[in-house]
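Model the full structure from these sequences, guided by the hints.
Protein chains in written order, with the working numbering: chain A, 423 to 899; chain B, 902 to 1573.
By construction, these hints were calculated from the structure, which means they are not laboratory data.
Some hints here could point you the wrong way.
What the hints assert, rightly or not - Covered stretches of chain A, as calculated for chain B (at least 3 residues, CB under 8 angstroms): (1) 628-635; (2) 641-649.
As the list claims (entries may be wrong) - Quick list of the computed label-pair ranges, beta carbon to beta carbon: (3) B:Pro-1353 <-> A:Pro-866: 51 to 59 angstroms; (4) A:Leu-895 <-> B:Phe-933: 50 to 58 angstroms; (5) B:Leu-1498 <-> A:Arg-786: 55 to 63 angstroms; (6) A:Ile-835 <-> B:Gly-961: 46 to 54 angstroms; (7) B:Ile-1485 <-> A:Pro-521: 56 to 64 angstroms; (8) A:Ala-865 <-> B:Ile-954: 57 to 65 angstroms; (9) B:Ile-1485 <-> A:Pro-866: 53 to 61 angstroms; (10) B:Met-1187 <-> A:Ile-835: 23 to 31 angstroms; (11) B:Phe-933 <-> A:Pro-868: 28 to 36 angstroms; (12) A:Arg-787 <-> B:Leu-1494: 31 to 39 angstroms; (13) A:Pro-521 <-> B:Lys-938: 48 to 56 angstroms; (14) B:Pro-1070 <-> A:Leu-895: 53 to 61 angstroms; (15) B:Ile-1480 <-> A:Pro-789: 31 to 39 angstroms.
All values reported here derive from a predicted model rather than from experimental measurement.
We put the beta carbon where it would ideally sit given N, CA and C, even for glycine.
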Amino acid sequence: MTINVTNADWNAVAPIIIVAITGLLVLLLDLLSPKNISRYAAILLGAAGMIVAGVVASLAYWSPAYVAFGGAFIQSGFGIVFQLIILIAGIGSLILVRPPVQNERIAGATALMLWGTCGAMLMAGAGNLMVVFLGLELLSLALYCLCGLADRPSSRESALKYLILSSTASGFMLYGMALLFGASGSVAFADLANPALASSALLWVGGGLFLVGIAFKLSLVPFHAWSPDVYEGAPLPVTAFMSVATKAGTLAVFARFMYAALPAGTADRLLLPIWIVAAISMIAGNVGMLAQHDLKRLIAYSGIAQVGYILTALAGGTHLGLRYAIYYLAAYTFMNLGAFAIATTMSGDREEGSHLANYRGYGRRNPVGAALMTFFLLAMAGLPPTAGFLGKILILSSSVGAGYAWLGVVLIIGTAISLYAYAKVVRAMYQRDEHVHAFEGHAPAPLAWASAAICFVVIIVMTFYPYTPSNVLPIVK
Amino acid sequence: MTHHVMGVDGSYPLLLVLWLLPLAGAILAWAFGPQLKTAAGWICSALVGISFICAVAMWGPGTQSVSGALGAHQALFSWLPGFDFGLLMDPLSLLWTLIITGVGFLIHLYSIGYMDGDRAFARFFAYMNFFVFAMLTLVLSDNFVGLLVGWGLVGLASYFLIGFWFFKPSAVAAARKAFVINVAGDVGIMFAIFMIVASVHSTAFGDAFAFAGSYNSGWLLAICVCLFIGAAAKSAQIPLHTWLPDAMEGPTPVSALIHAATMVTAGVYLVARCAPLWSQNHDAQMLVGTIGALTAIAGAILGCAQWDIKRILAYSTMSQIGYMIMGVGVGAYEGGVAHFFTHAFFKAQLFLGSGLIIHALNNEQDVRRMGGLMKKMPFAFIAMLTGVIAISGIPFLGAGFFSKDLVIQGALEHGHPYLYAVGIITAGITAYYMCRLLFVTFFGSYRGDVDPSELGIRHPELAGTPAHGADQAEAEHEGSGHGQAHHAPAWIMNVPVAILIVPTVLIGWLMFGGDNSPWAHFFAQQFPHPQLSPAPIGEGVTGLITFGAVLVGIAVAWWRYATASAQSRAVERLRGESIRMPGILTHAYYFDLALDLLFVRTSQLFGTIFGRFFDPQIIDGAVRESAFSAQWLGTLVRSFQTGLLRAYALLLVVGVAAFMIYYAVIAGGVHP
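Written out as structure tokens, the structure is:
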């Protein structure tokens, strides 16, 4: 089989190439400059590259879908929306890079983050299993290094844990892909959607192992145990990136698999375990939040539950459900990035902003920061008037319409539990506590403040002008 | 799905004006307070007054009925399908609007006198106008989300105003408590909205009610319960009532407007607004009716044990709202709403009257230190007397009689004889404690100069009565004048009270005449009217029985506090009563303690236990260290705390195994 590669094929992956080359440029500049490249130069160059990539990607949004490289990569509204979310996550986390990431590592950190973004973007547009795995490993390899970026034991521990557990899960996933290949004789998603395969045992077992990998990357219970530990040890911007980009890329793969690549009549039975673990995650994730003393662990558990909400929107496989899932994912992106931005403004070398104890009395030390943090936490909890509230309402309406009302009920219960956990943090910020000594001041973080402000505005705008993209049905050929 | 809208669509500029004017006032007073000084009070009052006039002018459109659509509907803006926003004025919201702006206007006027000299005079009026705007948002919204926004905003306004004298720690604590309980209620409503949207894909009242019959009954019950959690928190129903007595820390006009006449009746509005939902579910009706009746009698009993004049009124508010909730709960919507209507007048009257006394006595609120005020303050006496007559339900002499009778009789007609009995007994207790308030305050001789310990006031600073902790407040609040019963209230405070006397005495006649009364006509199309079998006891007889209970209450109060011998030994009597008061009453049935144990303590425990269960990391470090570390990957990772890596991997494999068993079973089934 020969594949004719045309210019249009290269255009389809142009955004990814731009991001990848930006990463190389940052390293090159670092090499050429007499000292190390300055932090602002690296960050701004990286962010600029991602913005250009975002513009290039969105130019193609309204053009008809294009299947590039013989089906390996698909350029369509679906992939582009996910790529944009991933780019936003990349930019939003990159500008949070500060100490404890030392200056001599800044170029490497920037480049790795850019290449991790490339990996996730590849996943969003992947048309066959090989590209999925390529993107996934590109993302994961970058993350292993990023997790260990800070010079402290917990960071190294985080990297090692992630490496071991994630490789295990990748192994399962790869085995699943091999079995799927065995079933269809092809790695392309397009060839999986063959009704004849419904009676193939290989499809069921392979699909199941593939979904295990997905569930691990989405950190659904019981495949979640890695995420609190890894999140806690990794530097703040890396945690921010992981909490959004990994999930966005994996959700894109899952949605494409579920919407376009399944033989007719298999979806209900094949995906049932995913809905069950999504339901468990909504409860367990929110319960797990209750006892946390670390913001990153809290967000890890919150993320476990939030992915459950997004899966609730997807359950049933309706077009509307997919649109609402994307809306919620976008809202989730901004509330997470906003919360991490505020945490960054509070942080110095020791990342004080990730310890919840340091939030006691924050409301009086910095009313604006506390108000923003409250807003982001309430958005995660889903209180009005935030996009989180609207997103949950939309998800509920679609899940009931699609016949998955039970997931909606679990969502409501999970939300009820989560309110308490988020409220605990908010309460701590506004508590009068004379015993807390304000920790030492540290360098101002204008970029983080800007990011928090932008996230706030975007969430407000999303609340009152809820645009849910319509051009997003995933295709495989 | 077709879109159902309540009310005749159209453009109603007056509706927009009356809604937005108070917001404009709030912004003005907030932004230009220092420049405006006392003018801020006049401007804000005038804006609420104009709102009231607009509301009156909206009477026609508000009560119109065109082919099934009742009232006026003004679309504001569209959001997603099913999430349109608009204003709806039908008889129910018209009634609330009239009270909010009308009584609100009088209380604003009164506040100009009451808050005179306060350092934050303009800020007070900014908050008050903001409250009026929020409350109008609540009652004029045509959908649940708008209602919830208003619901949250009135809670915020209430928080600001309870804690208005923020230099009093007790006021700050009370404000926070009120806010926390009310947010819990907001969350209840939020969940109800989730469930409604899940069922009908819309938040508009019209859509939610049009499909009321098609809900699954368990689902509908859940919706009603969630809505009622919100209603109970806002309307101080058991067990979410504990914030209301504490809320009396706010200035008296605030207590009159927010914590008596309007905001606390939002729960009544909510249940009445959602009448189509409640009417479909008998269990929900039973629950709400029972909670209402319980609150009515529990509040009344606590009213008998209080010495702080505002706390007596607070418990009476709780009790009277219990009546309203009972009325709307059992399905006697006209009755419940009628009691809201008359209560708004006579309770505002009672609060403003007590404000006259408190103001004149330099913030004294303990009735034991009053007495003999009838001659010194005849106007306040008349104000309180008419209020007491109205709230006690003395036939034909006050407004409360008519509306309370509608509620009590309604309970019987809708098949709740027990609630009927509770209603009658509560009426007797109400008459007792209100007459007790009247007699102790105005009869006998003045006791303000008696040593507090002789009156049984043991720990003035611990008694929880703001009066004694209010020295500082007073210093901030009043710049001039000291001594007892000294500065006569300015005319600006007397005029609103005098105006309120008229409806307090007379407005109940609107409800006279059964099905032919103006009241019944006004609401003829608003509420569902199921066919009921005639009640075993007629309305007239019910009135007589209630009156009998009321007479007993008055007689007991008279015998204990107003006879010549009781008055001559008033000091010893009050002392004896204070000392012998059962702890269960002085501590309000220990609800605060129970809530603390139930929620604060257990949730801490719950968090710890479940946190450990789901998050092995929290397990004690020593255990973790000894059990798992160091063996893994040898020297390479010895310096790391690899923690529970093996446990995590094990969990992962267990998950994979569970998945695989499932798929293997299915694969076995499909294999050809």
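Evaluation of the provided hints:
no. : hint                                         : in the structure
1   : 628-635                                      : holds (count 5)
2   : 641-649                                      : holds (count 4)
3   : B:Pro-1353 <-> A:Pro-866: 51 to 59 angstroms : holds, 56 angstroms
4   : A:Leu-895 <-> B:Phe-933: 50 to 58 angstroms  : holds, 55 angstroms
5   : B:Leu-1498 <-> A:Arg-786: 55 to 63 angstroms : violated, 30 angstroms
6   : A:Ile-835 <-> B:Gly-961: 46 to 54 angstroms  : holds, 47 angstroms
7   : B:Ile-1485 <-> A:Pro-521: 56 to 64 angstroms : holds, 60 angstroms
8   : A:Ala-865 <-> B:Ile-954: 57 to 65 angstroms  : holds, 59 angstroms
9   : B:Ile-1485 <-> A:Pro-866: 53 to 61 angstroms : holds, 57 angstroms
10  : B:Met-1187 <-> A:Ile-835: 23 to 31 angstroms : holds, 25 angstroms
11  : B:Phe-933 <-> A:Pro-868: 28 to 36 angstroms  : holds, 34 angstroms
12  : A:Arg-787 <-> B:Leu-1494: 31 to 39 angstroms : holds, 34 angstroms
13  : A:Pro-521 <-> B:Lys-938: 48 to 56 angstroms  : holds, 52 angstroms
14  : B:Pro-1070 <-> A:Leu-895: 53 to 61 angstroms : holds, 60 angstroms
15  : B:Ile-1480 <-> A:Pro-789: 31 to 39 angstroms : violated, 48 angstroms
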